[in-house]
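There are 2 protein chains.
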Amino acid sequence: MNDTLLSAPGDASDTTMMTLQTLSTPALILDRDRMDRNIARLKGLLAKHNVTLRPHLKTAKSVDAARRIFPDGPGPITVSTLAEAEYFAREGGFTDITYAVGLDPNKAARAAQIHAGGVDLKLTIDTAEQAAALGAAGKAAGSCPAAFIEVDCDGHRGGITPDDPKLIAVAQAMQDAGVPLAGVLTHAGESYSLHDPEALAKAAEEERAAAVDAADALRRAGFDCPIVSVGSTPTAHFARDLTGVTEVRAGVFIFFDLVMHGIGVCQIDDLAISVLTTVIGTKPEKGWILVDAGWMAMSRDRGTSNQAVDQGYGLVCDIDGKPYPDLIVDQASQEHGILALRKGSSATLPDLPIGTRLRILPNHACATGAQHAGYNVIADGRPEITAYWPRMRGW
Amino acid sequence: MNDTLLSAPGDASDTTMMTLQTLSTPALILDRDRMDRNIARLKGLLAKHNVTLRPHLKTAKSVDAARRIFPDGPGPITVSTLAEAEYFAREGGFTDITYAVGLDPNKAARAAQIHAGGVDLKLTIDTAEQAAALGAAGKAAGSCPAAFIEVDCDGHRGGITPDDPKLIAVAQAMQDAGVPLAGVLTHAGESYSLHDPEALAKAAEEERAAAVDAADALRRAGFDCPIVSVGSTPTAHFARDLTGVTEVRAGVFIFFDLVMHGIGVCQIDDLAISVLTTVIGTKPEKGWILVDAGWMAMSRDRGTSNQAVDQGYGLVCDIDGKPYPDLIVDQASQEHGILALRKGSSATLPDLPIGTRLRILPNHACATGAQHAGYNVIADGRPEITAYWPRMRGW
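The listed protein sequences correspond, in order, to chains S and B. Using full-length UniProt numbering, count along the first sequence one by one with no gaps and you end on 395. Using full-length UniProt numbering, count along the second sequence one by one with no gaps and you end on 395.
Do not take every clue at face value.
Keeping only pairs whose Cα atoms sit at most 25 Å apart, straight-line, the calculated SDA-like set for lysine to any residue is [claimed, not checked]:
#, chain 1, residue 1, chain 2, residue 2
1, B, 283, S, 155
2, B, 286, S, 129
3, B, 166, S, 355
4, B, 283, S, 213
5, S, 322, B, 106
6, B, 283, S, 181
7, B, 283, S, 128
8, B, 139, S, 355
9, S, 286, B, 128
10, B, 202, B, 217
11, B, 283, S, 161
12, S, 202, S, 216
13, B, 286, S, 206
14, S, 166, B, 355
A few chain B residues facing chain S, derived, Cβ under 10 Å [unchecked claim]:
#, residue
15, 100
16, 103
17, 292
18, 334
None of these hints come from the bench; they were simulated from the model. The C-beta atom is built at its ideal place from N, Cα and C for all residues, glycine as well.
Construct the complete structure from the given sequences, taking the supplied hints into account.
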């Protein structure tokens, strides 16, 4: 072998000077204008309620994307792993960070170390055992992160219901262990299964009420409860009243996706990420078009399978991002996608010869993003790749 | 912030000296002994048939794993992306590489460049357009890769049926364009939906017959057809006769997974990869245990959902790899897994306090592997991490 292989492209970061026509496929494309519009929309909604936006960066996992939310300097953020906290602190100077996953006691020492490094890292717990582990780690590090008590507002996952005496018991255990109480935190995960505006507004109100009730119960018991944190992208966009809430967390709003469209939170032309792909075969007798984006590029997420409109593994658009009627990724293997018309469609399969470039809108932006090393950024309706924004990964 | 964040662990490669009890979770674990046993099993089967094993490295994506298949030096391999070809050539010295995905004409130049760099890269095509693009790229690079004609043996995806006159037309187009014919290549993808040994043996025979028939048709038309390549993990293990076949491609055999177990190709204790996780919460009133392995660690793959036994997002084992009866990952969000007993189970939910470490067997080894930056390798039934093997990613 000669040296040409030593500079192999791989997850190329040198994609500037490229265009949608020349970039190697499959590739993740980010429409910066759509993203900016989505950010402005949620900021506008929350400004009316006079609450803080603490975006969940588990969707974007990119300091460049985070900077579009906070053009004036690092603001409050949410993360889903300690590695994300370390990344955003290190690469972006973010120092007000909530880690919104229930604390594994084995991670308490690492969390305390991040806190000791100058980051106001806030953790999430719902048991006395976690409080004790965190307190011990804080003592050892000479610096103890504060923690939220997780509140269960809809039976979705973890947390304590506002009327459960365990709520006060955990706050007491935190005080005993020397762990500052950051406040209460809840997430209306069940809102993802809704699609009716009234039901979404009701879910938002239940989320608000659970968080505020829990905060009130703690305050009545003599505990300070400075932050009242709620958040999911659907409830953030459908909340009518946020009285008593101090901040909203939301993640997927930055890009939106087909699941969010199915819930009714956004329009198709709000979707800011897509996967660029190329036609590599056709099977006209079966109504199939084969492309080089399989589940490795799209993810295995089938989040629209239980919605009114099943989008398969994604909705197919032309290179400019305009959807073909009813054309979806019907099947996916690792590096092959099979495009076909949605069952029952009266549309005609478009004539897309081998080599044609297409863009596929994903079911779930968080899952599709995670399949890629970074974003190829387009803007101003132009096909040129104006920037490459790396994503972080890992735990 | 001080300097402690500059050496953040992230996708730590410094996991040696760690054990299953101390490694940060979630983490991908590879049992090297099980992997070696799986490799020996398929090698043994193929030796009886006197055919070559050309493993598909899209599953492992690791040069360290590839070296366990080829302890005496680089052998013939299969890849699913050109970046994989470049990686295995560069990092492992592999020079006999089949890229088994239909060629995007835009990638022909890059493929020819790899070939010109000293790699016997063989491509996959099924149209005259692809032959023309490859021939042109070969001329420009001064070196043209050979190509397989893809044969359709079961209507699964791409390729030409052996009796289709297009087969000869494509071979002719290749000759006209100056593209050497490597042979024929087929993949019995439909075998993944089977579970009966007789049906699997029949699928293997149909795969063999289609490839051999296509090779014979080409030879009758005057074309050389040196390689007759078949392969899927199920058919590779159930083939009774491989007369006329020269090589077998298989990928997931190296690790196996719950889908392969559901098909009947392996036992549960053949599964070589698992995800190490930690209990972070319990909801006894719902029969739930919460862990820190969600879909980011497991993937969104639900490949067992249509099998006789639905394994959710994975089957839960204790830290030593022994399964709990009927305990599965019932739901998954990005960084949370919810463990519950399989519907209808009469088993008792085990008592697993916060902080308990578990290992989860995946539905689909290729998809779960892709969620991780590398393998934490265990061996000899010991809990120590003996090595960290990075995975490659990207296109």
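Hint-by-hint comparison with the structure:
Between residue 283 (chain B) and residue 155 (chain S) the CA atoms are separated by roughly 10 Å; this keeps the pair inside 25 Å, and the hint holds. Only pairs whose Cα atoms come within 25 Å are accepted, and residue 286 (chain B) paired with residue 129 (chain S) is accepted, the gap being roughly 20 Å. With a C-alpha separation of about 19 Å, the suggested pairing of residue 166 (chain B) with residue 355 (chain S) holds against the 25 Å cut-off. Note on residue 283 (chain B) and residue 213 (chain S): the hinted pairing holds, with a Cα-Cα distance of about 21 Å set against a maximum of 25 Å.
Only pairs whose Cα atoms come within 25 Å are accepted, and residue 322 (chain S) paired with residue 106 (chain B) is accepted, the gap being roughly 22 Å. A C-alpha spacing of about 23 Å is found between residue 283 (chain B) and residue 181 (chain S), which places the hinted pair at or below 25 Å, so the restraint holds. A hinted pair counts as satisfied when its Cα atoms are at most 25 Å apart, and residue 283 (chain B) with residue 128 (chain S) qualifies at roughly 15 Å. Using a Cα cut-off of 25 Å, the hinted pair residue 139 (chain B) and residue 355 (chain S) holds, with the two alpha carbons roughly 19 Å apart.
For the hint linking residue 286 (chain S) to residue 128 (chain B), the alpha-carbon distance of about 20 Å falls within 25 Å, and the restraint holds. With a CA separation close to 22 Å, the supplied pair residue 202 (chain B) and residue 217 (chain B) stays within the 25 Å bound. Restraint check: the Cα-Cα separation between residue 283 (chain B) and residue 161 (chain S) comes to about 12 Å, which is no more than 25 Å; the hinted pair holds. Distance hint between residue 202 (chain S) and residue 216 (chain S) is fulfilled; the C-alpha atoms sit about 21 Å from each other, no more than 25 Å.
Using a Cα cut-off of 25 Å, the hinted pair residue 286 (chain B) and residue 206 (chain S) holds, with the two alpha carbons roughly 20 Å apart. Note on residue 166 (chain S) and residue 355 (chain B): the hinted pairing holds, with a Cα-Cα distance of about 19 Å set against a maximum of 25 Å. This hint holds: residue 100 (chain B) has a C-beta 9 Å from the nearest C-beta of chain S, less than the 10 Å allowed. This hint holds: residue 103 (chain B) has a C-beta 7 Å from the nearest C-beta of chain S, less than the 10 Å allowed.
At its closest, the beta carbon of residue 292 (chain B) sits 5 Å from a beta carbon of chain S; the interface hint therefore holds under the 10 Å criterion. Interface restraint check for residue 334 (chain B): the shortest CB-CB distance to chain S comes to about 6 Å, inside 10 Å, so the restraint holds.
In summary, the structure agrees with every hint in the numbered list given earlier.
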